[in-house]
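Residues per chain are reported as follows:
There are 8 protein chains.
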Amino acid sequence: MKEQSTEVAIIMGSISDMNVMREAIEVLKQFSIPTYVEVISAHRTPKKMLDFAQSARDKGFKVIIAGAGGAAHLPGMVASATTLPVIGVPINSSNSVEGIDSLLSIVQMPGGVPVASVAINGAKNAGILALQVLATSNDNLSQKLIDYKEDLKAKVDEMNKDI
Amino acid sequence: MKEQSTEVAIIMGSISDMNVMREAIEVLKQFSIPTYVEVISAHRTPKKMLDFAQSARDKGFKVIIAGAGGAAHLPGMVASATTLPVIGVPINSSNSVEGIDSLLSIVQMPGGVPVASVAINGAKNAGILALQVLATSNDNLSQKLIDYKEDLKAKVDEMNKDI
Amino acid sequence: MKEQSTEVAIIMGSISDMNVMREAIEVLKQFSIPTYVEVISAHRTPKKMLDFAQSARDKGFKVIIAGAGGAAHLPGMVASATTLPVIGVPINSSNSVEGIDSLLSIVQMPGGVPVASVAINGAKNAGILALQVLATSNDNLSQKLIDYKEDLKAKVDEMNKDI
Amino acid sequence: MKEQSTEVAIIMGSISDMNVMREAIEVLKQFSIPTYVEVISAHRTPKKMLDFAQSARDKGFKVIIAGAGGAAHLPGMVASATTLPVIGVPINSSNSVEGIDSLLSIVQMPGGVPVASVAINGAKNAGILALQVLATSNDNLSQKLIDYKEDLKAKVDEMNKDI
Amino acid sequence: MKEQSTEVAIIMGSISDMNVMREAIEVLKQFSIPTYVEVISAHRTPKKMLDFAQSARDKGFKVIIAGAGGAAHLPGMVASATTLPVIGVPINSSNSVEGIDSLLSIVQMPGGVPVASVAINGAKNAGILALQVLATSNDNLSQKLIDYKEDLKAKVDEMNKDI
Amino acid sequence: MKEQSTEVAIIMGSISDMNVMREAIEVLKQFSIPTYVEVISAHRTPKKMLDFAQSARDKGFKVIIAGAGGAAHLPGMVASATTLPVIGVPINSSNSVEGIDSLLSIVQMPGGVPVASVAINGAKNAGILALQVLATSNDNLSQKLIDYKEDLKAKVDEMNKDI
Amino acid sequence: MKEQSTEVAIIMGSISDMNVMREAIEVLKQFSIPTYVEVISAHRTPKKMLDFAQSARDKGFKVIIAGAGGAAHLPGMVASATTLPVIGVPINSSNSVEGIDSLLSIVQMPGGVPVASVAINGAKNAGILALQVLATSNDNLSQKLIDYKEDLKAKVDEMNKDI
Amino acid sequence: MKEQSTEVAIIMGSISDMNVMREAIEVLKQFSIPTYVEVISAHRTPKKMLDFAQSARDKGFKVIIAGAGGAAHLPGMVASATTLPVIGVPINSSNSVEGIDSLLSIVQMPGGVPVASVAINGAKNAGILALQVLATSNDNLSQKLIDYKEDLKAKVDEMNKDI
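Chains as they are written, first to last, in the numbering used here: chain A, 450 to 612; chain B, 450 to 612; chain C, 450 to 612; chain D, 450 to 612; chain E, 450 to 612; chain F, 450 to 612; chain G, 450 to 612; chain H, 450 to 612.
Have a look at the derived ranges for each label pair, beta carbon to beta carbon: (1) B/ILE595 <-> A/ASN468: 50 to 58 Å; (2) H/GLN503 <-> G/ASP588: 40 to 48 Å; (3) F/ILE612 <-> G/ILE595: 48 to 56 Å; (4) B/ASP500 <-> H/GLN503: 44 to 52 Å; (5) G/ASP500 <-> C/ASN609: 48 to 56 Å; (6) H/GLN503 <-> F/LYS604: 21 to 29 Å; (7) A/GLN503 <-> C/ALA603: 16 to 24 Å; (8) E/LYS610 <-> C/SER543: 17 to 25 Å; (9) A/ARG471 <-> C/LYS602: 20 to 28 Å; (10) B/SER586 <-> A/LYS497: 28 to 36 Å.
Pulled from the structure, derived: some chain D residues nowhere near chain F, Cβ distances all over 10 Å: (11) THR455; (12) ARG506; (13) ASP507.
Since the hints were made in silico from the structure, they are not lab data. Just so it is clear, CB atoms sit at the ideal spot from N, CA and C, and this is done for glycine as well.
Given the sequences, and given the hints that come with them, work out the whole structure.
Dropping the structure here:
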């Protein structure tokens, strides 16, 4: 599935996380950044997960986005086995405590092994954060992000027409 | 370090967890159950952790006790790679949110991969729970647990002498 | 109701807990482990509860699964009167605080009397944990759990076909 | 220990709860109401606890105050076996989650079996509440409570002298 | 509205609380205890509230049940102006934080002025608690409560017929 | 105690709240705004509290600052009986749940009766907020607040000299 | 849009906040106070936000009401750049943690820069609080607020007709 | 203060945050990455903050680390005015609710404007995350991070010598 130039991997613990994680995929598509997408479960496919994390840099990935609900170990465990920046998306799944359990599991990482957490169900921002990381060495993408920020402003102006 | 007949492994994410986890070691010692003790970090030594979990049954372990603070992925990740019962001890470490973060990370496991969580800093009960599991096929140990329960009662009687 | 060889008892505080607890019953059935199921309320039938707990070992039970919502005293009180391992299932019932009240009531047991807590509404994992306990002295069951773990992996592979 | 006319029983799960529960004892002493005090543990002496609860009315008690920390099952379990009013005191013990765990365990009782919860560590108010219950059929005590309320006002006046 | 012999007053902060508080009214009716019911708002009718509280004993009330949501000051403020036992019912109203805000507002009273809190939306138990208070000087009612407890047991037996 | 021109009243539930509330007094003194300070307890002196609130406007007060811990009913009850703006200061007192109980009690007021809540222990900001309210009709004070804001900036510049 | 005499500005982070914030607009309209309403996003239009805040006093505004959900920086950031009283309305938006995240973001301001927080979704009270601030120098409005308070009482009387 | 080649800016809301933020500075120093450090307060120096954010890319910064306690608006507001990746460090300052208030303020950002949150007081990980971002286009740094990961493993081995 993965092409040579794919720099962003988006993984999630279950296919049921896709309705949230789709926003990350879409925002990256909007910026024409190819993404690799796979369901990888920390708890059901731990070896595959570690293999994925350990080989991620060699495969050419530069950023990994990992979404998970409940105990939400996926982002932290991927971070344990790669030096790439890992962005964690806490997902408010069924039987979750408003997503607070996932948020704390993802963000409260020990010293030495960071995960960059975004908001509960904040997959869109995970995508944008990945773009911002790539843009640190990509002036073209950097400019697109500046344009995107202008669009955000324009949308607020639009809102005021409805008042 | 591990001997042939050791049936309980006690692991923890950091040596700083020892002041809590010692209670598990001590209660098992009190029942003359040999234990294997090792610091294994989910986030700093993920491969070693998976290797440990995958080989745990073959090494003769019957129960694993895993203590961890903060994001506390150790118990759940060990559970991902073994079918042995895994008992998780949430540790209220520094910068923890009263240990609630560790508790939620440990207990909110997805369907298919259970962790048996005990109380925050509840290492002693983790040890007793391990004994209870072993006792399901060990009548001698079972009787000792019944005696232990009697002792608990006696201690309450003692308390009333102070009133 | 209970047969000679039944090793797992599943009790719950109210018949309304059945929609959650059914998952424990089903997973045990899937592994061909006979279960004893009864509604026993800590607060409405306390004597019956203590009698049940005190006689559980003699009746041949090896593991008890207890589900309860709200103040959720059932698992802890059963644990007070038996040395069998007790697995507690916090149930997010109506008027519950997202199930956090039940979780804390079940997991925060004092030293000496453990309850093995699983996730909020995590009855399925309670069943698997019971199987793991039984498997510590049952090689056949142990192999089935290894197969089950393989199935979990296969299901993740299935999910990736949908992407 | 208990005398004929003792109408209030004060029980607690451990002698370590005494530093909080003493305030209940003292406020009842201040009103010259004899109290029965005993350590009774729901989890270590469950049978004794049920026996205590079941016989409490026949022994002449009119109100029971029960203090407990952590999982804090004592008040609810005593309430399960008596029709006397049971006042629960959540105790913020070590390894507690700020006493919130005890509060939720005590207050979130199911329909049919009430516990009257006071504040975390609120033993003094438990004592006053017991007095208020007794005063519903004791005019002398009722008058004393009215005087006590006046004293509270006077103390606030005192405070203003320091400003 | 109030008759001579009415011993229980049930007040609530808004008519919208009635769908919860009705359970208190009904359980008292079930025991043939006449009740006085009124909407009294701590925040909208503070003077009426204080007048009600100050005159409650003289009017013959023996117990007051007060239900309130949100900031939920009604039970505590009534308690400030009467020496009668006040039972507080935290109501999980709209814009509430799962009822936790009301629970904390009601239960965390300062020393000297107790409120007896029941569970979130626990109006039924507030009613039973009021009955228990009255029963401390009413043997007939006391017997009815013992019968009620037997009924609770019988209902659990009923539940087991459905399994 | 109160002088003719005093426009700000600072009240608190107990003299023990003074160590927090002093910051409000001091910031008002710093702006040369005379303040009236009194301990008024919602729960111990409810009538005095209502009298204070009802007469506050006639006495010339324009803003009321009320600090309280635990159940923290003082700000909301004062607001119930005055149309003056009431600023509430949640105080993290002993046995408080990190001040969250006071914050929720103060801020979660029902529609129609606002309290302006500041941060937990945020008495200084309560004082500044009172100044801002007075400044809406006092240009001199308004200018002082602008100067104060400049001072805040200058202090940050100072901090950078230490780096 | 803004007229000469408009004294209250109501801003919000997104047009989706309007369904909550409308209550503030309506209560001000009910008191015939003209309002300026605009969507201003702290995160999408930060410069516009600062410009708005810095010029607010000169434009004649006396009070600013700012509603925001999630991270909810709008009220605090407006307060950073104006000395006008800023009233913050925490909005329980989608993916919010019951509005607690917004409440804490709004209320926990550092010393020197207050925001007056009202309840979660408490836009109506934000409007009334604004009126109370204006009324400190407007006797006519002050009288209307006294009448409004009488109406609140009358509505409670109405409720009692339904019992 | 800032040199030409400085790629990481570390800012914080107050000099009192330095005892936490120092860990970020130190880890970057350990990797020989020059850093720019400044106290910039969102609430006391909002204009300076926006200017800093708007000019950050042109000054050559590639990543910004922002630490803040309480309402903690600094990371989000900097993110509002730059397209650089912003890493937020929630600081458990005095009067904080265990740092949960800062965490939620920092992480719960709206769609379009991400902040990468690390753990409460997790400044060290903020530093490492910044290094990981830089390493996406710096092979030398990338190798150093791989070595650092090996060191983490070695330290766990060291810990086991003490057992």
